[in-house]
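Engineer: Just so we're aligned, residue 1 is where the first sequence starts under the numbering used here, counting upward by one.
Treat the hints as calculated values from the structure; they're not laboratory data.
Nothing here was measured: the structure is a model prediction, and the numbers come from that model.
One should not assume that every hint holds.
[Claimed, not checked] What follows is a set of in silico ranges between Cβ atoms, one per label pair, in the way DEER data are often shown: (1) Asp-64 / Tyr-132: 29 to 35 Å; (2) Asp-109 / Lys-80: 33 to 39 Å; (3) Glu-48 / Lys-93: 20 to 26 Å; (4) Lys-153 / Lys-80: 19 to 25 Å; (5) Phe-28 / Leu-113: 37 to 43 Å; (6) Arg-82 / Asn-149: 38 to 44 Å.
[Stated by the list, open to error] Below, computed lysine to aspartate or glutamate pairings styled on EDC-like, alpha-carbon distance capped at 16 Å: (7) Lys-88 / Glu-129; (8) Lys-114 / Asp-128; (9) Lys-93 / Glu-136; (10) Lys-80 / Glu-136; (11) Lys-93 / Asp-131; (12) Lys-80 / Asp-128; (13) Lys-88 / Asp-128; (14) Lys-84 / Glu-136; (15) Lys-50 / Asp-64.
For every residue, glycine included, the Cβ atom is placed at its ideal position computed from N, Cα and C.
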Amino acid sequence: MLLTNYSESIEEFSYFWDSFFIRMNHQFTLPKKEHLCGEIRISKLFTEGKAFIVYPIRVVYRIDEKSDGEPVKMMVSVPKKRFKRAVKRNRLKRLMREAYRLNKAQLLDIIQLKTLNLQIAFNYVSNDEADYGLIESKMIAALKRITDNIESKV
RNA sequence: AUAGCAGAUUGGUCUGUCGCUUCGCUUAUGGCGGGGAGGAAAGUCCGGGCAACGCAGAGUACCAUACUUCCUAACGGGAAGCUGUUCGUGAGAGCAGAUGAGUGUAACAGAAAAUAACCGCUCCGACUUGUCGGAGUAAGGGUGAAAAGGCGAGGUAAAAGCUCACCGGUAUUAUUGGCAACAAUAGUAGCCGUACACAUUAUGGGUUGCAAGAUCAUGUACACCGACGCAUGUAGGAUUACUCGUCCGAUGUCGGGGGGUAGAUUGCUUGAGGUAAAUGGUGACAUUUAUCCCAGAUAAAUGACAGACACAGUACGUAAGUAUUGACAGAACCCGGCUUAUAAAUCUGCUAUUUUU
């Protein structure tokens, strides 16, 4: 009974991930553990990681051998230089996090399948405030590019 | 009704789905329930609390403040008043306000900007008889933000607070009112300019800020201690002129252990606290009673999407309605202020104008 209710509610919102397959065991969560913290790890990511741009998002990622903790860690940043007001910065960060949260399922699957670790950083590099639709479509494209890279590599 | 002035308040609401953070309960990699941005959270401009360091006492410099009384934990803040001045028809608003003994400055214009003589007026002298020289004079002249109190009478060669009446202003005395700044009335004095700066006086100011500070502590390198190992207690060092002697003793392993990096915990949210009522006060505010617990993140939560409704604006439309837009802005130890940003709405008191009764 509970299960059927859940699947119905998902079908209502299935247009969020039309291009993605639905899997019941995935949770659309983004707890603290999946945030990338710590000065050393972040500086390591930015010096050693690979980068590409899906305008207006700049993605930096770094693939690592399997270790303890969450397999995928992410961070989000909007530079103060481009957006002076904290309200706008916060909003863009929240939108990017939201887009990642709803679309990360496939990436997680692949990483777990290949037993790797991944760290990602999303930088916002536009001067204009984007709305959720644009950010989500760009986020999907960016995540797809990462998954393709990983699949072709190994 | 329209326009405006002053003060106060609000800063959309509800539902569903998927999340984030924190607290509690629980059958615990989960589930359920409660809490989760602002009036300015902003600027970091003042004043406190709290913390670390510093500190016999006094002076100087520097900075800030400066009418009166009150409020407050405190303030450079606030309340109620006083005086002057500017703006406004007005309700009101802005600015200034310790001292005046001393010193300096006052552009341009103007003869002159403060012990004023350019023109003019009056008198005297000289002679070439309309000029020169001397003296007196602030009544008249244009300039300027400001021209040496105003006006009338007396007075004089011409004039002048030179004298007098009235008026204005300053200082001072008395009385009355007021806690006081001050106001009113009466008298006295000399006859009296303004603004700013310097200067002086009084009061206050130690420095740094929660990334303060406290606790725990993996790894790496290292001070120190113990045991073992190596060696004829070795290489070497100290004592000594030198030798002996005595003392110390590197490098290795294990353990203890100090400081403390990454990180974690704490500081951290119950407080000069909020809400309501009553009382006192013109008011800021205070007192009493009742009641409530109301964010605590740390590469930094408080969100996204969808729908409904309300309010306001804009466009189209005769209208019904349709479309579209919704202000400034995000806690970072906590309070009290100030300043700046702000779509729109509401309430109270008051002013001006017009109309009606």
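Engineer: Which earlier hints can't be squared with this structure?
Structural biologist: Those not satisfied are hints 4, 5, 6, 8, 10 and 14.
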